[in-house]
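Visitor: Residue strings, one per chain:
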Amino acid sequence: MIVQDALRSLRHSLSQAVFYWLTLLLTTTFLYLYFILMMSDPVTAGFLTEGTDFLATAVTVTVVIICMIAILYANNFFVRRKAPELAVRLISGATYTQLSMYLLLQTLILMAAAMPLGIVIGRLLLPVLSNAVSMYAQVPYTIEIRKDGIVMASVFLGFVVFWIIMLNLSFAYRNAANMLFHSTALYKPQKSGTLYLPLPAILRKTVSAILFLGPIAWMAFNPAPAFLYVLISSFGMVMFIKEAAVPYLTKRINGSDSIKMASLGFLRRDIQVITVSTILYFTDAVLLLSAITLKDGQPVEMAMYMLSYVIMNLMLALALLFQFSSELSARIRPFATLSQIGCTPRQQKQAQNRELLALFGILLVLDLLYTGALLVPAMMHGRIEASFALILFALSVIPLLACGAFCHVYYRRCIAA
Amino acid sequence: MSEYVLEAKKLTKIYNANTPNAFEALHAIDFQVKEGEFIGIMGPSGSGKSTFINNISTIDTYTSGFVYINGIETRRMTANQMGRFRYENLGFIFQDFNLLDTHTLYENIALPLSLAHVDKAVIDQRVKELAAQMKIDTLLHKRPNECSGGQRQRAAICRALVNHPRIIVADEPTGNLDSANSAELMKILRRLNEEEGVTIVMVTHDPLVTSYTSRFVYLKDGYIESVTERGNMTQEEYFHAIVEVNSAESREVLAE
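From first to last, the protein sequence lines are chains A and B.
In terms of the working numbering, the numbers along the first sequence are unbroken and rise by one, the last being 417.
In terms of the working numbering, the numbers along the second sequence are unbroken and rise by one, the last being 256.
Check before you lean on any hint, since a few could be wrong.
[Said to hold, decoys possible] Computed, partial: chain B to chain A, Cβ under 10 Å:
no., residue
1, D60
2, A79
3, Y87
4, G91
5, F94
6, L115
7, A116
8, A160
Treat the hints as calculated values from the structure; they're not laboratory data.
By construction, the Cβ of each residue, glycine as well, lies at the ideal position given by its N, Cα and C atoms.
Using the sequences and the accompanying hints, generate a full structural model.
Guide: Here it is in C-alpha cells:
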C-alpha cells in the first residue's frame, strides 16, 4: 500500500514532482559530465589533488555545494505541499520510520526516473562537448571516458543520494503535527544577521551602499580577486537590504494607491525571502566568469568552467524558483484578504504584475552590474570577443527571465486556486 | 497505574521562546481527566483553548511542565514510539476534518489500521462496521470533496474510532457543520462516551455543544478560570450554567 500511496501522492503534486525531477536530472547530467571531463585529461585532473590552483578547486567545491543547495530548495518545495497530508498520517499513528519512508519512497521514485536518464543524456552530450573543446583549442580533441572519471562521478552522485535521504529524514523528524497542519502560513524571512553599526541611519545606509556597490566597481578595474569582491559585496547587499531597501519601500507604501501598497508590501517581503538565493546566483556567476575571462587554462579546464557556468546558472535559477514559489504558494491568504476588503481580481493581477516586474527588474539590474563588471573590462582589454561576452551575459540573464516567467504563471495559478 | 487517563502538570506553552516576541499562551496549568469522562473546554478567543488541547494531545510540543497519557510522559517518547502511542491511545477530530482528498473515505478510515499493519480482512470488517454505524457505508468509495460537511465529519469520526482509542480529542468538531449535523454529531459522541466508555476531550465555543459533556473547563488568558461538573443537572440546567459562566465574562467586560 505504501508504494501505491507514494505514487498517488506524486500524481497529486505532479507539477512539484516534475520540477524536482528536473533538478535531479540536471544535477546528474552535470555531475556526470563535470567529473568525466575533469578526469579525462591527466593534466587537468591534477589540479584538485595538487592544490596548486585555488580557483579551479574553488569552482569544483562551489559547484558541488550549489548542487546540494538547489536540491535542498527543490526538496523543500516538494515536501512543503505535502505537509498537511503528512500531518494526517502522523495523527493517524504513523511512526517516524513510516513517515520518512513514505517521503523517501517518493523521492527515490523520482531519482530512479532522473538519474539513469541524466547519465544517458550526459553520455550523449560528450561528443558535443568534445566538439566545443576542439573548437576552443583549434585542434581535434576527444573526451575520453576514464575509469577515474566514472569513479568520481559515481562518488558524487552517491553523495547526492545520501544528501536527499538525509533531507527527507530530517524533514520527517523535525516536523510536529501542529507545524505541518499550519504549513501554508508564511515563512519568516531569514534574519539578516549583519553587524550592527552604532551610526546614524544615513551613515549606515551609506556604508552599506559602499560595501554593496564598491566592490563591483572595484572589480571592473582589478578583476583578479573577483571572488573576494563578490563576497564583500554580498555582505554589503544583505546590509543594504536591511538598512536602505526595506526602509525605502516602507516609506513608499502609503495609503494613496491600493495596488501600489499591495505590490510594494509583497516586494518588500520578496527581497528579504530570496536574499540567499540571489547572493548565491551572483557569487557563482562572478566566480565562474572570472575563471572564464581571466584564466588562460587548458581547453578541457575552460570547457569545465563553461559547462559549470551554464548548468550552475540553470540550477541556481531553479533554486530561486523553488524558494520563491514556496513563498508564492503561501500568498493565497493575503490575496483572499485583499479580495475581502474590496480589491478586484483585476487590481490583484496588477499588483502581482507590478511586484514581479519590480523584483525581476532588480535582479536583471544586479545581473548587469555583476556580470558587466567582469565582461566589459575583459572585452575592452581584448581578453574576450564582444559576441562571446554577449553569449556569457545571455547565459546568465535567460535563466533569470525563465524563472520570472514561471513565477508569473505559478503565482496566477496559486491565487486562482 | 495512575487514576487519570490524561494528566497535565504545570503545563506551560511559550510561543517564540527566547526571542523578544516571546508569548506565554498557557501558564502552568494543572488538569486531570478520568477514564470515561466527556470534557468540554471553552473560553473566549485567544484564551488558549486550541493551544491547550494541542499540547495535551501530542499535536504540539509544550515548553515546560508534564503531560501524562495513561501514565506515560509524552515528551519522553521517541518519534517512533509516538506513532505507536497515538495509534493505541488517541483519536482526533478536527473542525476542518483533515481527510486526505487524494483518498476515498474507505481509505481515509482505514489509514490508521493500515499504518499499524493490521490484517486486511480485519481492516475491511472494522471500516464497514463503523461506516454503517455512522451511516456513511454507501459513500465509502467517494472522495472527501464529493461529500457534504456532515458526511466528511462522520468519516473523520470513523477514522478517529477505527483503532479503538482510549481518548478522543476533538477541536471544534461542529465548527463547520449546520445545526442539524451538529446535534447529530453530538449525539454520536455522547453515545460513544456513555455506551462504549470512550473518554472525550473537546474544545468548542458553543454552549449547546458543551451541554452534552459531563464537565466543562473554562479557560481565560491561558489559565483555568473555572470548572463546572454536570453532576445531577439536566441537560437544560447544565446548558444554563454554561451560558452563565460565559456571560459572566461578558458582563465583566461590559462593567469595565
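Visitor: Mind checking the CB of A79 of chain B against every CB in chain A and telling me if the closest is under 10 Å?
Guide: It holds, given that the least Cβ distance between A79 of chain B and chain A is near 3 Å, below 10 Å.
Visitor: Could you check if Y87 of chain B really has its C-beta closer than 10 Å to a C-beta on chain A?
Guide: Because about 3 Å separates Y87 of chain B from the closest Cβ in chain A, which is inside the 10 Å limit, the hint holds.
Visitor: A160 of chain B was flagged as interface toward chain A. Is the shortest Cβ-Cβ separation under 10 Å?
Guide: For A160 of chain B, the interface hint holds, since the closest Cβ of chain A sits about 9 Å away, which is under 10 Å.
Visitor: Can the hint on L115 of chain B be confirmed by a CB-to-CB distance to chain A that is less than 10 Å?
Guide: holds, 5 Å
Visitor: Under 10 Å, Cβ to Cβ, is where A116 of chain B needs to be relative to chain A, so tell me if that hint holds or is violated.
Guide: holds, 6 Å
Visitor: So, as I understand it, the hint says F94 of chain B touches chain A; can you test that by seeing if any CB pair is closer than 10 Å?
Guide: F94 of chain B check passes; min Cβ-Cβ to chain A is 8 Å, inside 10 Å.
Visitor: Would you settle whether the hint for D60 of chain B is holds or violated, based on the nearest Cβ-Cβ distance to chain A being less than 10 Å?
Guide: holds, 4 Å
Visitor: Holds or violated: is there a CB of chain A closer than 10 Å to the CB of G91 of chain B?
Guide: The hint holds - G91 of chain B has a Cβ within 10 Å of chain A, the shortest such distance being about 9 Å.
Comparing the model with each numbered hint stated earlier shows that all of them hold.
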